[in-house]
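Chemist: Below are the chains, spelled out letter by letter.
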Amino acid sequence: MSETTSHPRSPGFGIVFFLLGIVVVGGFGVGWLPEVKSAHGHGIDGVIRYLLGTTGALFFLGCIVLGYFVMKYGRGEAQSGAIVSNRTQAIWAIVPVLVMCAISEVGVLVMGLPVFAEVYGEAPDDAYEVEVVGKQFEWLVRYPGPDGVFGEVDHAKVHETRNPLGLVKSDPAAQDDIVVRGKVHIPVDRMTVVRLRALDVIHSFTVPLFRVKQDTLPGYTAYTQFTPEEVGIFELACAELCGLGHYRMQGSVIVESEESLKNWLSEQEPWL
Amino acid sequence: MGSDPKCEGLHAEKLLDESALVGAGGELANVFVYVRKGLEGWKFATPTEAVQVTQEGCTYVPHVLGVRVGQPLEIGNGDPVSHNVHGYAKKNPGFNQTQAPGAAVMTKVFNRSEVLVPLKCDIHGWMSTFVGVVENPFFAVSAVDGSFDLGQLPPGDYQIAARHEIFGLQKQDITITAAGAQTIEFSFSEE
Amino acid sequence: MAVEDHSAPTSFVKKYIFSQDHKVIGLQYILTALFMAIVGGWLAVMIRTQITWPEKAMVTPENYLSLVTMHGTIMVFFVVSLALVSGLGNFLVPLMLGARDMAYPFLNMLSYWTVVPACFLVLVSFVVEGGAAAAGWTAYPPLSALPEAVPGSGLGQTLWLLAMALFIASFTMGGLNYIATVLNCRAKGMSLMRMPLTVWTYFMSAVLGVLSFPPLTAAAIMLLLDRHGGTSFFLPSGLVFNNEVLAHEGGTPLLFQHLFWFLGHPEVYVLVLPGIGITFDLIASFARRPVFGYKTSVYALWVVGFLSMIVWGHHMYVTGMNPYVGEYFSIATVLITAPFAVLGMNLVASVWRSRIRMEVPMYWALGTVAVIGLGGFGGLFLATSISDIYFHDSFFVVGHFHLMIGVVTVLSTFGALYHWFPKMFGRVMNAGLGKLHFWLTYVPMVALFFLMHLQGMSGLLRRYYDHSIYEFQAPGRELALVITILTYAAFAAQAIFFWNFFYSMFKGVKVGANPWNATTLEWTAPSPAPHGNWPGALPVVDRHPYDYDPAAEEDSDYKPQGVVA
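Residue numbers (this note's numbering), protein chains in the order written: chain A, 1 to 272; chain B, 273 to 463; chain C, 464 to 1028.
So here's chain A without its partners, still in its complex pose (with noise of 0.2 Å):
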C-alpha cells in the first residue's frame, strides 16, 4: 500500500455523516405529532411511526456506511478489488429495489388500507352529520335542524349578513336549518360526517389534532368522516391557500357529550 500526500485528503469528512445521521434520527425522534384526538388519528400516526422507523434506520445505515467509507477510503491508500462483476452490481440493485418495494408497500398496502377504510369507508347510519362550508375568509356551519334534512341552497340567494348559504326559503327542509359561523358542535365518541361545500376559492378543512384534512372545491360536495374521542374545543384552519385572509380563516370544532349537544343545538334559531 503506498500513500501519497499530493492530492487533498479530508477522512475526516465522513463524521459529517455519522453527525448527520445522529442528528436527523434524534430529531425525529424528539416525537413532534401532537397527541392525537380521534379514532382514525392513532391509525394515521401508526403509518406515520412505522416509516419514521423504517426509513429512520435505512438513513442510519445510509449515513453510517457512507461515513465509514470516506473515512476509510479518503486517507489515500490504494485498493484492490474496486471493479466487480456485472452480477454482483446487479444484485446490489436487486437488493434495494426488494427492501424498498416491501417496506413502502406494506406502509401503503398492510398499514395503510385498514386506515383507508375508516377515512372514506361507508359511514355508519347514526354517524351525526353537519355541514361546513368555505369561503374567503371563514367556516359556514350549517345543522340541518330538527327534520335531520339540509334543506336547499341557492346561491344567488347568498348574502354576507342576510343569508350566507344561500338557503331557500320555499324549502320546508330548509326553513328549521341553523347556520352558525365558525363553530362546528360535535358528540364525542360517534362518528360525524362533514359534508363540505365552498362558495367562492378552493379551502381544506383540517383539525390537526384529529389528523383531518380535506380540500373543498367549488362545484363539489366533499365528505370527511371522523370520530372524536375526547370532549374540548379544537382548533380548525384552513390549509389550501384560499387568499390574503388564508391565514386568519380559523375556526372551532367543539366536541361534547350528546347531551349537551342536543341542548345546545334546541337553543339555536333557525337562520330563515
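Hints are supplied without guarantee of correctness; some may be wrong.
In silico lysine to aspartate or glutamate, EDC-like type, Cα no more than 20 Å apart, as pairs [what the hints assert, rightly or not]:
no.	chain 1	residue 1	chain 2	residue 2
1	B	Lys362	C	Asp929
2	B	Lys362	C	Glu707
3	A	Lys157	B	Glu462
4	B	Lys315	B	Glu386
5	B	Lys278	C	Asp1020
6	A	Lys72	C	Asp929
7	A	Lys157	B	Asp289
FYI, nobody ran anything at the bench for these hints, they're computed from the structure.
Based on these hints, arrange chains B and C on the given structure of chain A.
Modeler: Only chains B and C this time, still in chain A's reference frame:
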C-alpha cells in the same frame, strides 16, 4: 359575531345587520338618493376636501355615503385588527388592499360616476359600506326615519333615483319650480 | 445527421450576445439564473422575516402571498431549470458526447432569447397594480382565475401566465435539442451505454420535459381564456363574490390540478435527475474508481422516468379526487423509491474501495448523496396517502421538496460549477473559498429544511402569513427563529461564491486541459474549449466513461474515454 374573536370584544351587543334597517313604520334608512338626470349642462367644482370612512368595531362607519367624481375618499382603520379594503367597483378600477392597525389612511379617487360601489372587508365578511359616486352635489342618504334632503335644486326637470344595497334602484321624474320645497317619496319592497 | 455547420463568430454581438455556441449559451443561462437566484433568495429572506416576526407586519398579507408565489416560480423555473438543466446541460452535453455543438445551434440561441423576456415579465410583475401573482406557484383556479379572489390575480397573474408560456416554449426547444444531440451527435464509438451518467440524466430530463410540459401549456392557455375570454374550463357554477354569483358555469378546478401536476411531478425529476447524474460523475472523478452499477443506474433512470409520468395524482390525495384513484397513485408512487434506492445505493457504493481526492467538487458531491437520502425517504411520508392526510400542505412538504428540488439541485450545480469551471475559463476557482462556501451553504441549508420537516410533524401549515393566532401551530413556531437565522446565513454565504466565481474568471490560477485527471471526453478538449470544442479532429471513444483504477499509481490511475487522433 363572526369568527374573529378579536372583533367580539369591540361591541357591547350583537352586531346589527345593517343591510336593511327598517323602522317601525316601514321607514327605510341607508338609501342613497341622487339626481340622475337633468343636470347635464351644469358644471360643479370638484370639492378637494376628502370624504371620510372609517372601520370601527369591525364595521364601516358610515354604512352608505356619497362622494363626488374626482373627490378623494379617505379610508381609515381605527381597529386593533387588520382589515382588507376591497372595492368591488365595476366602472372604476377595483382595488383590494390590506390595512393594518394604525396603518396610514388610504386615499381613493373615483373618476367615473358609479352608484353604488361596495367596499368590503373579506376577512370580516359582514363589514361593508356603499359609496355613491356622483357628478353633482345633490345627493343624500336616508336617515333612520327614512327622510332625506337633496338640497336646493335649480328649477327644471329631473330624474331622481334612489338605490338601496338590497332593494335595488328606483327612479322618478320630477319638475322643480321656483315655488318652494317639493317632496318625493320612494317605496321599496322585497322581491 | 451532421451537425449544422457554423463557423466561428467574429463580432462581439455574435460571439457573446446572439451566440450559437453551446458553451456561450450555457454560460448565458447560468449567469441569468445566478441573477434570478439573487432575486429568489431575497424573496426567501423576506418570507422568513415575515413569518418569524408576524407582529411587525413587514409586508401585507397580499404581498406576502406574492412573495411566496414568486419565490417558488423563480426558483423552480428561472433558477434551477435555467442553471442546472439549460445552463450546465448546454455546456456539458456536447462536450461529454464529443460533439462540436448542439444539434440545432440556432434553435439553441432562440430558446435562450425566449426565456429572457420571460424573466423580464416575472420581474416587472412585482410593480404592476395589485402586485405579482399571489395564487401560489401552483396557480390553482379559482384563486388564480378571478381578480376579485386575491389582488395578485389581476395583471400580475396574466404576466405570470405569459412568462410561463414563454418559459415552456424555451424549455421545449431546449429539450428537443438535447434529445436530438444525444441521439445524433455522439462521437465515434460513443454508444448509448458508454455515455456518462450526466448525459444520460440530461437525456431523461429532456424526454420527461418534452412529454410533460405540453399539458401545462394547455392549462395556461385555458386559464388565460377563463380569465380574459369568458370561458369556464376551471370554473364551476355558483361562485359567489360580493353577494353575486359569477356567470361562469360547467368547469372544474380539479382539471387544472391534473394538468398542472401531470407536468409538475415529472418536472421534479427534470430538475433532480441531472443533479444526480452530475453527482455520479463528480464522485467517479474524485473517488478514482468506476461508478458502481453503471448499467443498473441507467435502467433505474428509465424506471424512474416512466413511473414519474404516472404518479402525478399523489399531489392531490386530499382534493376530493376519488380516494380509490388516490390509492392507485399511492401504490405507484411509493414504487419510485425502489429505482431511487438503486441510484442511492450505487452512489454510496461508488465510494467503496476508492481513493478519494478531497477536491472542492467532491465536498458538494458527497454532501449531495446524503441529501438525496434524506429527501428521498421524506417523500415516502407524502407518497403514502394515509400519512399524507396529516402532512399535506404542512411544512413537512415544504422541507421535503426544498431538499429535493432545492438542495440536491443547488448543491450539484455548485459542485458542477467548481468542477467544470476550468473547462469554461481555463482557470480554477479558489479552493479555500470553495470549501468555506460549501460549509456555510451546506450546514445551514440542510439544517433548515430538516427543521421544516419537524415543524410539519408538529402541524405547522404552509403559506401562512401569521401562525401566531393558532394554538396548535405554537410548537412549530418555536423553530421559526432558528430556521430564519439559518436562511440568512445560507443567503449571505453566497457572496463568497459570487466573489470567487467572478474573481477566478479573470484572476484564477490557470490550468491545463485536464486538471482533475478525469476520464470523460470534455477533458480531452483544451481549457477553455474553443469554438467547435476540439481544434482538430473529434475524439474517438474506445471504452466506458469511468476507467479509473484505485489500485494503480496515483498519476496514471485513469484512462480517458476517448483519444483525439
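Chemist: With reference to the structure, classify each hint as holding or not holding.
Modeler: Results for each hint:
A distance of roughly 32 Å separates the Cα atoms of Lys362(B) and Asp929(C); the hinted pair therefore is violated under the 20 Å criterion. With a C-alpha separation of about 13 Å, the suggested pairing of Lys362(B) with Glu707(C) holds against the 20 Å cut-off. For the given pair, Lys157(A) sits about 13 Å from Glu462(B) by alpha-carbon distance, which is consistent with the 20 Å threshold. Straight-line distance between C-alpha atoms of Lys315(B) and Glu386(B) comes to about 18 Å, which keeps the hinted pair within the 20 Å bound.
With a C-alpha separation of about 72 Å, the suggested pair Lys278(B) and Asp1020(C) falls outside the 20 Å cut-off, and the hint is violated. Simply put, Lys72(A) and Asp929(C) have alpha-carbon atoms about 48 Å apart, too far for the 20 Å limit, and the pair is violated. The hinted pair formed by Lys157(A) and Asp289(B) meets the criterion: a straight-line CA distance of about 16 Å does not exceed 20 Å.
Checked against the numbered hints given earlier, the structure breaks hints 1, 5 and 6 and satisfies all the rest.
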